[in-house]
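Peer 1: Each chain, letter by letter, is given below.
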Amino acid sequence: MKIGVLLKQVPDTETKIKIRPDGKGIEEDNIKWVMNPYDEYAVEEAIRLKEKKGGEVVIVNAGLPRSVEAIRQALAMGADRGIHIDTTSIEVDAYITSVILSNAVKNESFDIIFAGKQAIDDDCAQVAIGVAERLSWPHVTPVEKFTMIDEKTVLVQRPVAGGIKEIIEVALPAVIGCEKGLNEPRYASLPGIMKAKTKPIKSLKGADLLEGETPRISVINYILPPDRKAGRIISGEPEEAAAELVRLLREEAKVI
Amino acid sequence: MMNILIVAEHARQTPKKYSIELAGCAHELAKAVKGEVTAVLLGENVEKIAQEFGHYGVSKVITASHPAFNNYSSEAYTDALCKIISSEKPNIVLGTASSMGKDLFARVAARLKVGLATDCTEVRIENGSLIVRRPIYAGKALIDVVLKGTPQMATIRPNTYPIPDPHSNSPQVVRAEVVPVTPLAQLKEIIEAESGMVDLTEADRIVSGGRAIGSKENFEIIRELAKTINASVGASRAAVDAGYISHDHQVGQTGKTVNPSLYIACGISGSIQHLAGMRTSKIIVAINKDAEAPIFSKADYGIVGDLFKIVPLLTEKFKQLLKE
Numbered sequence: 001m002k003i004g005v006l007l008k009q010v011p012d013t014e015t016k017i018k019i020r021p022d023g024k025g026i027e028e029d030n031i032k033w034v035m036n037p038y039d040e041y042a043v044e045e046a047i048r049l050k051e052k053k054g055g056e057v058v059i060v061n062a063g064l065p066r067s068v069e070a071i072r073q074a075l076a077m078g079a080d081r082g083i084h085i086d087t088t089s090i091e092v093d094a095y096i097t098s099v100i101l102s103n104a105v106k107n108e109s110f111d112i113i114f115a116g117k118q119a120i121d122d123d124c125a126q127v128a129i130g131v132a133e134r135l136s137w138p139h140v141t142p143v144e145k146f147t148m149i150d151e152k153t154v155l156v157q158r159p160v161a162g163g164i165k166e167i168i169e170v171a172l173p174a175v176i177g178c179e180k181g182l183n184e185p186r187y188a189s190l191p192g193i194m195k196a197k198t199k200p201i202k203s204l205k206g207a208d209l210l211e212g213e214t215p216r217i218s219v220i221n222y223i224l225p226p227d228r229k230a231g232r233i234i235s236g237e238p239e240e241a242a243a244e245l246v247r248l249l250r251e252e253a254k255v256i
Numbered sequence: 257m258m259n260i261l262i263v264a265e266h267a268r269q270t271p272k273k274y275s276i277e278l279a280g281c282a283h284e285l286a287k288a289v290k291g292e293v294t295a296v297l298l299g300e301n302v303e304k305i306a307q308e309f310g311h312y313g314v315s316k317v318i319t320a321s322h323p324a325f326n327n328y329s330s331e332a333y334t335d336a337l338c339k340i341i342s343s344e345k346p347n348i349v350l351g352t353a354s355s356m357g358k359d360l361f362a363r364v365a366a367r368l369k370v371g372l373a374t375d376c377t378e379v380r381i382e383n384g385s386l387i388v389r390r391p392i393y394a395g396k397a398l399i400d401v402v403l404k405g406t407p408q409m410a411t412i413r414p415n416t417y418p419i420p421d422p423h424s425n426s427p428q429v430v431r432a433e434v435v436p437v438t439p440l441a442q443l444k445e446i447i448e449a450e451s452g453m454v455d456l457t458e459a460d461r462i463v464s465g466g467r468a469i470g471s472k473e474n475f476e477i478i479r480e481l482a483k484t485i486n487a488s489v490g491a492s493r494a495a496v497d498a499g500y501i502s503h504d505h506q507v508g509q510t511g512k513t514v515n516p517s518l519y520i521a522c523g524i525s526g527s528i529q530h531l532a533g534m535r536t537s538k539i540i541v542a543i544n545k546d547a548e549a550p551i552f553s554k555a556d557y558g559i560v561g562d563l564f565k566i567v568p569l570l571t572e573k574f575k576q577l578l579k580e
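For the protein sequence lines, the chains are Y and X, in the order given. Here the first sequence stands for residues 1 to 256, numbered as in my numbering. Here the second sequence stands for residues 257 to 580, numbered as in my numbering.
So that you can see chain Y by itself, here it is in the shape it has in the complex (with noise of 0.2 Å):
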């Protein structure tokens, strides 16, 4: 089977985000990048479908240079080869992604493409839809459970509002979008990760992939929200305290 993964590098969750001086991005001089989180998913997802019914798993990325080491984290995991697409001096925004990522893959004939359900940078969940779209491809996301019932068609469960769960049959090839809970990432082997430096990048352009498509989105400016400051402590016995939370909630919060 040939396997697709798109994947982002994106910072470290712990990050303490900055807004730059000029309020037109974040500061970038401390981040720690790392693979998406959802990505990890998606890329464990397809190394295990391979280890099941054979092929090769491509990592495609669309991003800067720096990207190129989250795409070896995931080759050494066990992915085969990656494609990187160069998005320096290309403006971005997640139309654009779909676009040069699924331009990228047309030419792959990748028979399912796992990705994660969204990128906790932008948050916007938009690019693996996009991507299906722009391919003509069903899409379900997120996916909670995944199973191959045939060589063309997948069962997946997708959680939806309140706990329900929908189950779903889709014909392949489809795109597939990666929740938390899906599988446990596998870590990269130390043997893994001497193989990855050797596995093979393939090297695009953003800039060659855009077929006079335009950014959609335009970002006006960044703020912080507004700081929370620390409340008040109730002191008190056990017996005391929550009887006195329970009286500040109804008469000062009004919020019971």
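Simulated from the structure, these hints should not be mistaken for laboratory data. Built from N, CA and C at the ideal position, the CB exists for glycine as well. One should not assume that every hint holds.
Beta-carbon label-pair distances, calculated as ranges [what the hints assert, rightly or not]:
id	chain 1	residue 1	chain 2	residue 2	range
1	Y	198	X	470	45 to 55 Å
2	X	307	Y	30	48 to 58 Å
3	X	426	Y	237	53 to 63 Å
4	X	288	Y	21	31 to 41 Å
5	X	287	Y	24	28 to 38 Å
6	X	288	Y	91	25 to 35 Å
7	Y	244	X	517	13 to 23 Å
8	Y	220	X	538	20 to 30 Å
Think about it this way: if two alpha-carbon atoms lie no more than 16 Å apart in a straight line, the pair counts; the simulated EDC-like pairs of lysine to aspartate or glutamate are [stated by the list, open to error]:
id	chain 1	residue 1	chain 2	residue 2
9	X	369	Y	213
10	X	316	X	303
11	Y	202	Y	69
12	X	573	Y	251
13	X	573	Y	239
14	X	483	X	450
15	X	472	X	450
16	Y	254	X	460
The hints should help you fit chain X onto chain Y, whose structure is shown.
Peer 2: Same frame as chain Y, but now just chain X:
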């Protein structure tokens, strides 16, 4: 003059609360630009629900009534909504960042090749442009965004806009003659949830437990308190990873982002990632044995103590209060 189309949702013969919030939001926007609000409702037997939206500023409701629309299907709904948009030609299309809205709007925007802003917390119109504010980095920062292409599309975060006061008003109800396409992704089964739990993203009150809860069984004290005050049950990542409760309940950067009036965090230390998921709560209460827990620096009210003593006491006190 700008016209706004909203995608309204319903369940069990009632409009979703967040769709009424959305109607109110759209109505305010439309008033400012002398436009009208049209709502789209998909599914059979939605006429009564359609009438209700008239009370919230919607002047026309388009129904797409066919058994195939009774459950959400990305392909069928995308096709139907695109056809309706192409015939109505709204300037702006709004939906809720619900499970359905997030999925549908991403596909529709991609098909129409227009800009989409997701999970917005504020929307306004200036000189014909929709300007939205949306959180990024799980709410650690906010951005103001404008969209290119027509229609301009956005999904609004649930529980952000208030329920508007109803006015008696009858909307025009029109049937869209849309034939659903047969999807390649087919819904086979729906597995119902534990007990009609209100989704965390829509909940107005939440009681959450952290790793200190210690076991699946111990979560019962959180459920008891939640039931007493009509709240949904949340959890920290640590509690979910320890297997005490399912991921559906996880609040935080790799879980759900919530926006309740009241958030009670029991035995949760308050990591950056957890805070990211609940920082916009109107009132935060923290109960933790550790006086140094970071959550106390963000909580409006805190009790330093043993949650196994405090939580059942709170349940008892709330029961008394609510009886009065």
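Peer 1: Hints first: check each against the structure and report whether it holds.
Peer 2: Consistency of the hints with the structure:
no.: 1; hint: Y:198 to X:470: 45 to 55 Å; verdict: holds (47 Å)
no.: 2; hint: X:307 to Y:30: 48 to 58 Å; verdict: holds (56 Å)
no.: 3; hint: X:426 to Y:237: 53 to 63 Å; verdict: holds (59 Å)
no.: 4; hint: X:288 to Y:21: 31 to 41 Å; verdict: holds (33 Å)
no.: 5; hint: X:287 to Y:24: 28 to 38 Å; verdict: holds (33 Å)
no.: 6; hint: X:288 to Y:91: 25 to 35 Å; verdict: holds (31 Å)
no.: 7; hint: Y:244 to X:517: 13 to 23 Å; verdict: holds (20 Å)
no.: 8; hint: Y:220 to X:538: 20 to 30 Å; verdict: holds (27 Å)
no.: 9; hint: X:369 to Y:213; verdict: holds (9 Å)
no.: 10; hint: X:316 to X:303; verdict: holds (12 Å)
no.: 11; hint: Y:202 to Y:69; verdict: holds (14 Å)
no.: 12; hint: X:573 to Y:251; verdict: holds (14 Å)
no.: 13; hint: X:573 to Y:239; verdict: holds (9 Å)
no.: 14; hint: X:483 to X:450; verdict: holds (13 Å)
no.: 15; hint: X:472 to X:450; verdict: holds (15 Å)
no.: 16; hint: Y:254 to X:460; verdict: holds (13 Å)
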